[in-house]
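Using the sequences plus the hints, can you model the full thing?
Chain by chain, the residues run as shown.
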Amino acid sequence: MPEALILLHPTDNVLVCRETIAPGTVATIDGEAVTITQPIEVGHKVARVDLRPGDKILKYGAPIGSMTKDTPRGGHVHMHNMQSDYIPSHTRNASGGAA
Amino acid sequence: MTAPFKGYLRADGRKGIRNVVAVAYLVECAHHVARQIVQKSDDMDVHLIGFPGCYPNDYAFKVMSAVTTHPNVGGVLLISLGCESFNRERLKSAIEASGRPCEVLVIQNSGGTLSTIQKGREAVERLKAIAAETPVVDMDVSELVIGTICGGSDGTSGITANPAVGRAFDWFGAQGAACVFEETGELVGCETIMASRAITPELGAALEACVQKAEAYYTVMGYGSFAPGNAEGGLTTQEEKSMGAYSKSGAAPICGILQPGDIPPTGGLYLLDVVPDGEPRFGFPNISDNAEIVELIACGSHVTLFTTGRGSVVGSAISPVIKVCANPDTYRKLSEDMDIDAGKIMEGRATLDAVGQEIIDSVLATAAGQRTKSEAMGHQEFILTYKAFDPLGPACLPLKRA
Numbered sequence: 001m002p003e004a005l006i007l008l009h010p011t012d013n014v015l016v017c018r019e020t021i022a023p024g025t026v027a028t029i030d031g032e033a034v035t036i037t038q039p040i041e042v043g044h045k046v047a048r049v050d051l052r053p054g055d056k057i058l059k060y061g062a063p064i065g066s067m068t069k070d071t072p073r074g075g076h077v078h079m080h081n082m083q084s085d086y087i088p089s090h091t092r093n094a095s096g097g098a099a
Numbered sequence: 001m002t003a004p005f006k007g008y009l010r011a012d013g014r015k016g017i018r019n020v021v022a023v024a025y026l027v028e029c030a031h032h033v034a035r036q037i038v039q040k041s042d043d044m045d046v047h048l049i050g051f052p053g054c055y056p057n058d059y060a061f062k063v064m065s066a067v068t069t070h071p072n073v074g075g076v077l078l079i080s081l082g083c084e085s086f087n088r089e090r091l092k093s094a095i096e097a098s099g100r101p102c103e104v105l106v107i108q109n110s111g112g113t114l115s116t117i118q119k120g121r122e123a124v125e126r127l128k129a130i131a132a133e134t135p136v137v138d139m140d141v142s143e144l145v146i147g148t149i150c151g152g153s154d155g156t157s158g159i160t161a162n163p164a165v166g167r168a169f170d171w172f173g174a175q176g177a178a179c180v181f182e183e184t185g186e187l188v189g190c191e192t193i194m195a196s197r198a199i200t201p202e203l204g205a206a207l208e209a210c211v212q213k214a215e216a217y218y219t220v221m222g223y224g225s226f227a228p229g230n231a232e233g234g235l236t237t238q239e240e241k242s243m244g245a246y247s248k249s250g251a252a253p254i255c256g257i258l259q260p261g262d263i264p265p266t267g268g269l270y271l272l273d274v275v276p277d278g279e280p281r282f283g284f285p286n287i288s289d290n291a292e293i294v295e296l297i298a299c300g301s302h303v304t305l306f307t308t309g310r311g312s313v314v315g316s317a318i319s320p321v322i323k324v325c326a327n328p329d330t331y332r333k334l335s336e337d338m339d340i341d342a343g344k345i346m347e348g349r350a351t352l353d354a355v356g357q358e359i360i361d362s363v364l365a366t367a368a369g370q371r372t373k374s375e376a377m378g379h380q381e382f383i384l385t386y387k388a389f390d391p392l393g394p395a396c397l398p399l400k401r402a
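Residue numbers (our numbering), protein chains in the order written: chain A, 1 to 99; chain B, 1 to 402.
Hints are computed from structural coordinates only; laboratory data are not their basis. A couple of the hints might just be wrong.
As the list claims (entries may be wrong) - Sample of chain B residues at the chain A side, in silico, Cβ under 8 Å:
1) S93
2) Y217
3) E240
4) M243
To be verified - Taking CB as the label site, the calculated pair distances span:
5) B:T200 / A:V26: 51 to 57 Å
6) B:E347 / A:R52: 56 to 62 Å
7) A:E3 / B:S142: 40 to 46 Å
What you are looking at is a predicted structure, and each value in this text was computed from that prediction instead of being measured. Glycine included, C-beta positions come from ideal geometry on N, C-alpha and C.
Take a look at the structure:
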């Protein structure tokens, strides 16, 4: 059975989740056991190394944005802690009236 | 290596894989009448297309001309209200010049709604009879034009379905088919990598300029080409989505840039520039996926490869859509809509090359007449709105013969 987290390119600092990961799951990152503390869905990203604000995120070997918050190895990397270097992403809350 | 399939030989020399009669409304005011004609015809090869606007637009005219003279089209009925700006006589002339039969009904001169519907149904029967006489001849893989689009992308799209389409594109391009990828707004962040694949340095610069234009345009719009579902599926940024989308283009050299309605002058890989030129005037470049599919069809696409992670269900009028599902969970939820399960790559049950081959086989089967899932279920979406383009620069089509 393949690993739950896959590395797309050797230079990447994030891994991609291949099957849903429940909190408390022990995953393998670069040969070491790392406990995943958050639920991670298929297609989502996990930090391969400890990440700092301003770090460029590499996926497919290409830059896909920058970190905005500290995130430990094994942490979920998504809109709460990283952003585009081009155009901001929006969510469904972008319209439909103020929450 | 591949047995040729049969195609419909049009009088203009192009070959189609379907024999569709298109019923086109030329303003929203004629939409209901046109739709009734199509529905009452009760024939899955009579398709509804149209343009809703009352104001003139060169782009809309060009796309409508290209779609109504598409090789899959064997005849056209135009439904006009009568007072709209669309130049119905010029469109009719263009269709007839391509050797296709065309009839026009003007509602204001045809007795109104019910009378026009009745006359339209009779016209469709006449057009079908003429289209049925179209010669059926051998058609080679190299005569295909294949488009690709992604919709409802997620974090699996760029790992499974998109690169698998890239594998298929590399194969079709090597056979001499024309392959078209698009949505420059979803190439933001990939411009430098993409430019390095251009067959001339000038084309490379034009490819980069295309993406820069898209970035500027979407910045004015206030939203990138990024939907909430993309984020729910694990994509965080525009450039991350772009890297995944870009992989649909495969690894072949890029031969040129097209605008909607331009036919690829040779086989090989082309980028379709879908973002308007000049100051943003008419809103978002493409308001949803089907507007892009229409543009791919306007460039002659016989088949469109549609990759989806979250799970789109659409098809299109005129040319069949093959749905390649990137996400294994989505495939299990929506298998009735999906032609190909690329999500099995995610689960280690298939390789990219194996799914790429499945896509090739599916295109060839579709070209040979097999209905795709969306086609068989009657999906015939069609959207055409306003845009403005400047003429293509000389660097964009290095292979076009003068």
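Structure-based check of each hint:
no.	hint	verdict
1	S93	violated, 43 Å
2	Y217	violated, 10 Å
3	E240	holds, 4 Å
4	M243	holds, 5 Å
5	B:T200 / A:V26: 51 to 57 Å	holds, 52 Å
6	B:E347 / A:R52: 56 to 62 Å	violated, 34 Å
7	A:E3 / B:S142: 40 to 46 Å	holds, 42 Å
Of the numbered hints given earlier, the model fails hints 1, 2 and 6; all others are met.
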